[in-house]
Amino acid sequence: MSSSALPEAACQLDSRYWKITNANGNVEEVRGPGVVGEYPVMMPGKVHEYASCTTFSTTSEYMEGHYTFHRLANKEEVFNVLIPRFHMVCPPFRKSVVRSQGSTNDRSWLNDDDSDGDGDHGDFRGINLGGGGAQCPRHV
1 MSSSALPEAA CQLDSRYWKI TNANGNVEEV RGPGVVGEYP VMMPGKVHEY
51 ASCTTFSTTS EYMEGHYTFH RLANKEEVFN VLIPRFHMVC PPFRKSVVRS
101 QGSTNDRSWL NDDDSDGDGD HGDFRGINLG GGGAQCPRHV
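With the working numbering as the guide, the letters of the sequence shown map in order to residues 1 to 140.
Be aware that one or more of the hints could be misleading.
Claimed, not checked - No farther apart than 30 Å at their CA atoms in a straight line, the calculated lysine-lysine pairs in the BS3-like style are these:
(1) K19 to K46
(2) K75 to K19
(3) K46 to K75
Hint data in this document are derived by calculation from the structure and do not stem from the laboratory. Predicted, not measured: the structure shown is a model, and the values here were computed from it.
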């Protein structure tokens, strides 16, 4: 919250709403209390940051939504703060030839040339989620 805000502007986050649209146009709506289990109180000059994650059903998606707050001085005064649309893209990764073949000198896998024009950029395989079936926990 801006440090120039009046003390009467102090508020607390109650809930969040996300509209997530994947590359195929499929929409998922997520509503829930707080953010990652927290209900931050915002006062003039205070900043609240948190980290969260989501799983992707396609290689790119976008999200938009809002947070719902109430004023500390008057819990009946409820308002939404809009979150503008932002895009998310799964970063590509390469299957490491070095790891799979045991060579420490071969760096040919670093070449991301797409000279054949097929759009696959060599050994790019999509997002690397670590061990098989790894998923980010979703806070709902």
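Okay, the hints, checked on the actual structure:
1. As the CA atoms of K19 and K46 are separated by approximately 27 Å, the hinted pair is consistent with the 30 Å bound.
2. The hinted pair formed by K75 and K19 meets the criterion: a straight-line CA distance of about 26 Å does not exceed 30 Å.
3. As the CA atoms of K46 and K75 are separated by approximately 20 Å, the hinted pair is consistent with the 30 Å bound.
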